[in-house]
Amino acid sequence: MELIEELKLKVIEALNLEDMKPEDIDPDAPLFGDEGLGLDSIDVLELIVLMERNYGIRISDSKTGKEIFASLRTMADFVSKNRTK
Amino acid sequence: MIEGCFKILHSVSLSPGLALLDGRKLFSSPGSANFLSDLYHHLRAEYPKFFKMDVLCKTGFLAAEILLEAEKAERFVMRNDRAVLLCNASSSITTDRKFIEGIANIDDFYPQPSLFVYTLPNIVTGEIAIRNKFSGETSLYVIEKRDDGILSSLIERAFTDDETLSAVAGWVDASSDSEYEAELFLINKHL
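For the protein sequence lines, the chains are Y and X, in the order given. If you count the first sequence from 1, position 77 lands on 78 in the numbering used here, and the numbers rise without skipping. If you count the second sequence from 1, position 2 lands on 740 in the numbering used here, and the numbers rise without skipping.
You may find that some hints are simply not true.
Unchecked claim - Now the in silico label distances, taken between C-beta atoms and shown as ranges:
1) K787(X) x R54(Y): 15 to 25 Å
2) L756(X) x E24(Y): 34 to 44 Å
3) R762(X) x T85(Y): 17 to 27 Å
4) F814(X) x K22(Y): 44 to 54 Å
5) D899(X) x N55(Y): 29 to 39 Å
To be verified - Simulated pairs of lysine-lysine, DSS-like, Cα-Cα distance not exceeding 30 Å:
6) K763(X) x K745(X)
7) K790(X) x K22(Y)
8) K67(Y) x K787(X)
9) K871(X) x K810(X)
10) K871(X) x K763(X)
11) K745(X) x K790(X)
12) K11(Y) x K810(X)
13) K763(X) x K810(X)
14) K790(X) x K927(X)
15) K787(X) x K11(Y)
16) K67(Y) x K86(Y)
17) K64(Y) x K86(Y)
18) K11(Y) x K64(Y)
19) K810(X) x K22(Y)
20) K86(Y) x K927(X)
21) K883(X) x K836(X)
22) K67(Y) x K810(X)
23) K790(X) x K64(Y)
24) K927(X) x K871(X)
25) K745(X) x K836(X)
26) K86(Y) x K11(Y)
27) K745(X) x K883(X)
28) K86(Y) x K871(X)
29) K787(X) x K22(Y)
30) K871(X) x K67(Y)
31) K790(X) x K11(Y)
32) K11(Y) x K82(Y)
33) K11(Y) x K22(Y)
34) K82(Y) x K64(Y)
35) K64(Y) x K763(X)
36) K82(Y) x K22(Y)
37) K787(X) x K836(X)
38) K810(X) x K787(X)
Please keep in mind that the hints were generated in silico from the structure rather than gathered at the bench. Every residue gets a Cβ at the ideal spot worked out from N, C-alpha and C, and that includes glycine.
The whole structure should be built from the sequences, with the hints applied where relevant.
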């Protein structure tokens, strides 16, 4: 499965986006703010846990985090380059 | 029944499979395993954050939605004269149990932030206040068992300040994902 599609499913599950289907998520749309998925500060913590648990990636720098979680595509790019599992 | 120096405008009762407004059936879905989601869709609440809530918050949120729609006043207008006063007995036990399960295995130790948030039982009052832009008092009292006398006293006390003129108040409890109940009232202070 392509990494972006895999991430869509994991994000929907982790954030309980019950009414959302993978095809509803634009991989280039912003994850936070009023556009795109409109995620909040608790959601970003959940994404950090998701990255560590599924891909062995630890994110502790908030500046880096903003870049990584800009969109699903930036997440996928970071995972493909840094995953340890 | 709650009673005191205040006027009850509307009441909502919510239990698995059944929602009543002012004693009359508003929605039922007997035997549904997803009754709260069914009710959410029936109400067309359009608040995606609902799906992230735990069972206690979902129950309180939906009961408040029914109550405030019944008021037929403009919704989502900032007001500091309306309090949210709730009581329950089970605190946040349903989410507490899930959170403990999630950190029980030292080899798979990943505390979930989205669960941790709901280990604070008073989050349900905040969810209702945020949704409806209420900036008055918000309180949740964990008591041994339902006691309308205590609730009546709490409501009367809230009305003794100079600001509070109205309250969403009542009982909301969830001892598991399938055992939940709410009885909320929309109340005005007697002027």
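Violations among the numbered hints: 3, 4, 5, 11, 12, 14, 19, 20, 22, 25, 28 and 35
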